[in-house]
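As you go down the protein sequences, you meet chains A and B in turn. Residue 1 is where the first sequence starts when you use the working numbering, and the numbers rise one by one after that. Residue 1 is where the second sequence starts when you use the working numbering, and the numbers rise one by one after that.
No lab work stands behind these hints, which were simulated from the structure alone. Treat each hint with caution, since some may be false.
[Unchecked claim] Calculated lysine-lysine pairs in the DSSO-like style (CA-CA distance at most 30 Å, straight line): (1) 552(B) / 158(B); (2) 158(B) / 169(B); (3) 552(B) / 530(B); (4) 612(B) / 475(B); (5) 623(B) / 659(B); (6) 169(B) / 89(A); (7) 175(A) / 158(B); (8) 158(B) / 618(B); (9) 618(B) / 530(B); (10) 182(A) / 158(B); (11) 612(B) / 549(B); (12) 530(B) / 632(B); (13) 612(B) / 632(B); (14) 475(B) / 659(B); (15) 530(B) / 175(A); (16) 552(B) / 612(B); (17) 539(B) / 175(A); (18) 169(B) / 175(A).
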Amino acid sequence: MIINFLFYFFSFSLLVSSLMVISVQNAVHSVLFLVLSFISSASLLFLLECEYIALLFIMIYVGAIAVLFLFVVMMLDTKTVNVKKDLLKYFPFGSLIGIIFSLEIFFLIGKNFKSNSYIDSVLFNFYTNWFDKLDTLTELESIGQVLYTHYVVQFLIAGNILLLSVIGAVSLTIKTTQSARKQVIFKQLSRTYKNVLIV
Amino acid sequence: MTVETLLFKNINILPELFLGISLVYFVLHGTFLSVNKNFYLIQTSCIYLGILILGMASFLVFNDNLDVLEISIINNTINNDFLSLFSKITVGIISSFSLLMMYGYLNDQRINHFEYVLLILFSVLGLFLLCSSNDLLTAYLAIELQSLSFYVLASFKKNSTFSVDAGIKYFILGAFSSSLFLFGSSLIYGLTGSINFDDFNDLFFCVFPGSSLVFVNIKEYYENQDQSILLYALAEKLSTFNEKVLSESDALLLKSEIKNTNVFENSSLNFDKIITYNWIGVHTIQFFKNVQLDINTQLLTKEELDYLQNWVSFAEPAQEQILQVINLDFSPLTIKYGNMLSEKYSEVFSGWYFGIFSLLLASCVKLTDFQELELFDSSFDTNLLQFALVFLLISLFFKLAIAPFHLWSPDVYEGSPTSSTFFFAVVPKLAIFILLIRIFYYGFYGFIDSWRYFIVIIAILSIIVGSFGGLEQRKIKTLLAYSSISHMGYSLIAFNSGTLEGLQMLIGYLLIYTISGLCIWSIFILTRLKNPYVRKQNKDLTDIVSLGKTNKILAIFFAISLLSIAGFPPMIGFLVKIGLFLTAIESSMYFLALISILCSVVATFYYIRIIKIIYFEKTIVGKLYHPVTSQKGVVVVILSMLLLFLFVNPSLLFLLSYKVSLLILPSFVNPTL
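Chain A with its partners taken away, still in its complex shape (with noise of 0.2 Å):
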C-alpha cells in the first residue's frame, strides 16, 4: 500500500520535473528540476529495490552530470529569450507528431502487458516453485559477477571508450603552438613584487 503511493508519487514528480525542464524559461531553474527528475528515478529505483543502481544515478548524474550543467549555465549567463514566439510556431505540429506517436507507443504497451499473452496457449499455468527463484545475493555482488565474467569483453570496450573519450577531449582542446608550460624554478623564485608588472 505505501510502497504502491510512494510509487505513484515519485513517477508523478518524475513527470511533473521532467516537463518542467523543457518548459521552464529560467536555465538555473531548468537544471534544478533536472536534478529533481534524477532524484525522483532514483527513487523509483529504489522502491524496485535496485540499490546500487539508484546510487550510481545519484552519484552520475546529481554529482557529476547537474553540477556540471549548472556550472556551464551560470558561467554562460544566458538571456531569458522569449520562446513563446518558437513555442506557438512549432507547438502545434510538434505536439500532433508527439502525441500520435506516444498514443501508438501506449496503446501497443498496455495491449502487450495487459495480459498473461500465454493465456490461450497450451503452456499456460504451470507450476514453479518461486522460493528457488529468488536470488539470494546482493546487487553490487550479482552485478560484479556479471560484470567480471560473463561481460568482460563488453567492459573492456567500455573502457576502451573512456580512453577515447579522454584523448578525443584533450586532442580537441590542446594548443600545440604554444610550448608546454614549465615550471622554472629560477625565474619563480626572482619574481619579486616590483617586477611582476612589467611585461
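Start from chain A and add chain B according to the hints.
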C-alpha cells in the same frame, strides 16, 4: 552452463585484443615522441605505425581458421563466423589503404598530431567488434566506439569553423540516433528478456511472418490447419488436465475425431497417427478421471463415454509397444524439442509420456512444414516488438545516412577535413550493414514481412534523393555524399528482398561499393593542387579541370572508377547493379526496380559531368598538381584494375559473396541445424 571468462583459449578475438593493446602502446609512443622537442613531424611515423598495426591485425584475422564449434564465443556475445571474418579483413585492408592515402593531405593541412591516427585505429577497433557482435549490448558499445572517434575526426581541424561545425552536427545527430538504438533495445529486452541474436533466432524463427497470422484463439486455428496438428494441439491441451482450458469446440472436435477414426480397422493410417490417437486416448483417461462429472453432464453422452472407455481400454496395453518404438526412433529434432519441453512437462509426463510426446512432435514436423510448430508461441503479440525494430532500423539508417535521415551527411562530409571524410565515407558502411544483417536476417527473420515494405519506401526515397540531390552540386565532397546516399538506397533493395540471392548481392554490392569508393576518394585526395591557396579545404569541381592533360593515367583511373559506380558495362559496377535489379525483380518488386533503374540513369549525369570536366572543359590554363608517389600509385592502379578485372571474371566476387551469405544463416538454409 559454465561461465566463460576471458581466457587464453578464447583466442578467436585475438585480432581485437591485439588492436586494443597496441592502441595503448601507440598512445605511449605518440606521447613520448611529441613531448620531445627535437621531433616535430610525428605524423609520418604514426601513419606507418598505424598501417603496420592494421596490417598485422588483418593478418591475424586472415589466419583465424574458423573453428566451427566455437563460432559463438564469450558467452555468445561475439560471433566469429565467416561473415565477420570477411568483413573484418575488408575493413582492415581498406582502412590501412586509406591511412596510406591520407599522408600527403595531412602534411598539407599541417595536422601533426599523433591522435589523428590513434582515433582512426580506435574506430577500426569499433568496426571490428561491430562486425562480430552477436548481441545488442556489444553492438551498441562498438557503434559508440567507432562513432565517438568519428565525431572527433570530423572536428579535428580546430582552426577551421567548418570542421568544428561538422563535428558538432555529427555529434548531436549521432547521439540522437544512438539514443533511438538504446530505446529500441530496451523495448526488445523488456519484451523478450534477452539481448542475444541467437536467442531471438530461437524465439522468433517459428513465428509466422506478419502479425495478421497470429491467431486470436485456437478455434480459428482449428479451421485452417491440418488434422494431425489439431490432434496434437488437442492432446497437449488434454495433458494439462485443466477443464477450464478445454473449450467446447475442443470437446466437439475430440468427439468427432474419436467417432470418425477407427484405429483398429483402418490399416491405411500411418504409424504416427496411431501413436497420436493412442496418446490422446491415454490422456483422455486421466482427463476423465479428473473431470468426469463435468464431462458426464455437459459434453459427452453416456454412450459416447462408454465408447471412449472401450477404446481406451484397448489403448492401454499398447503402451508397451509404443515404448519400444520410441527407443528406436530419436531424430535430432526430437531431442532438441524434447529438451526444450522437458522442463515444462516434467511434472506432467513421467517416463514414457515424455518419449511419446517428443515422437509426436517429430511426427508433426515430418508431416507438415517446420513452421507449423508455431503453435508454441502463436499467442505472443508481436506489435510492440515491431515497434522496437523500427527504432533499431531508424537508428542504423541514421548512421548509414539513408534518405529521410540523411540531412547531416552532405554538411558533415563537406565541413570535416577531407581525410576524415574519406574515412567515414568508405569504411563504416559495410560494418553497419553487417549488423543490420545480423539483427534482421539472423535474429528477427520471422518478422520480415513487417519491415520489408517500410524499407522499400525508404530505399526509393533514398535513391531519388541521392540521384536528384547530386545534380546541382559544385563541390566534389557533397556530390560524393549524395552518391553514397543513393548507393545505400540501392543496397537496401537487396536487403529487403529477404532471399539468399538478395543477401549475396547485398554483400557483393557493398564490397564493390567500398572498393570503388576507396579508389575515387584516393584519387580525389591525391590530386593536390600546386597553388598558393593549396590549403583550401574544399575542392570544387573546377579544381580538377583538364586533369586529363596534366595527369593522364590518374584521369583515366578516375574515369574508370566513376563509371564503375555509375554502372557502365566494362566495369564490375555494372554486374553488381544488374544483380541488384534482378533480385528486386525476382522478389516481384517491379515498381521498385523500375524507379531505381530510372534514377540510376539520372545519377549517371553527375558522374559523367565530372568526366567531362576532367577531359573536355574549354579552358586555356589547366591546374598543376603535386606528383603522386609510386607506392600510392601502385595502390590506385591495383584498385582500378580490380574494377576492370572483376568484370572479366566476376566469379571470384560471386563465389565469395555466395559463401558469405550461405554461412550467415545456418537456420535459414536448414532449419534442423
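key: Satisfaction of hint between residue 169(B) and residue 158(B), Cα-Cα up to 30 Å   = Holds, at roughly 15 Å.
query = Is the hinted pair residue 169(B) and residue 175(A) satisfied, with a Cα-Cα distance of at most 30 Å?
reply = 23 Å, holds
inquiry  = Tell me if the straight-line CA distance from residue 158(B) to residue 618(B) falls inside 30 Å.
reply    = This hinted pair is violated, its Cα atoms lying about 38 Å apart.
query = Is the hinted pair residue 175(A) and residue 158(B) satisfied, with a Cα-Cα distance of at most 30 Å?
reply = Holds. Residue 175(A) to residue 158(B) sits at ~10 Å (cutoff 30 Å).
message = With the threshold set at 30 Å, check whether the alpha-carbon distance from residue 612(B) to residue 549(B) stays at or below it.
response = 13 Å, holds
inquiry  = Checking one constraint from the list: CA of residue 475(B) to CA of residue 659(B), max 30 Å. Satisfied?
reply    = The given pair, whose Cα atoms are some 39 Å apart, is violated under the 30 Å limit.
inquiry  = Run the distance test for residue 612(B) versus residue 475(B): straight-line Cα separation, threshold 30 Å.
reply    = Between residue 612(B) and residue 475(B) the Cα gap is close to 15 Å, so the pair holds against 30 Å.
task = Take a quick look at whether residue 618(B) and residue 530(B) sit within 30 Å of each other, Cα to Cα.
result = 21 Å, holds
query = Taking only the CA atoms, is the gap from residue 530(B) to residue 175(A) under or equal to 30 Å?
reply = Answer holds: residue 530(B) to residue 175(A) is near 29 Å, not above 30 Å.
request  = Take the C-alpha atoms of residue 539(B) and residue 175(A), compute the straight-line distance between them, and say whether it is at most 30 Å.
outcome  = This hinted pair holds, its Cα atoms lying about 28 Å apart.
task = Compare the distance between the alpha carbons of residue 182(A) and residue 158(B) with 30 Å, and conclude whether the hinted pair is satisfied.
result = Answer holds: residue 182(A) to residue 158(B) is near 24 Å, not above 30 Å.
request  = Sort out whether residue 632(B) lies within 30 Å of residue 612(B), counting only the CA atoms.
outcome  = Roughly 25 Å between the alpha carbons, so the hint for residue 612(B) and residue 632(B) holds.
Violated hints, in rising order: 1, 5, 8 and 14; the structure is consistent with all others.
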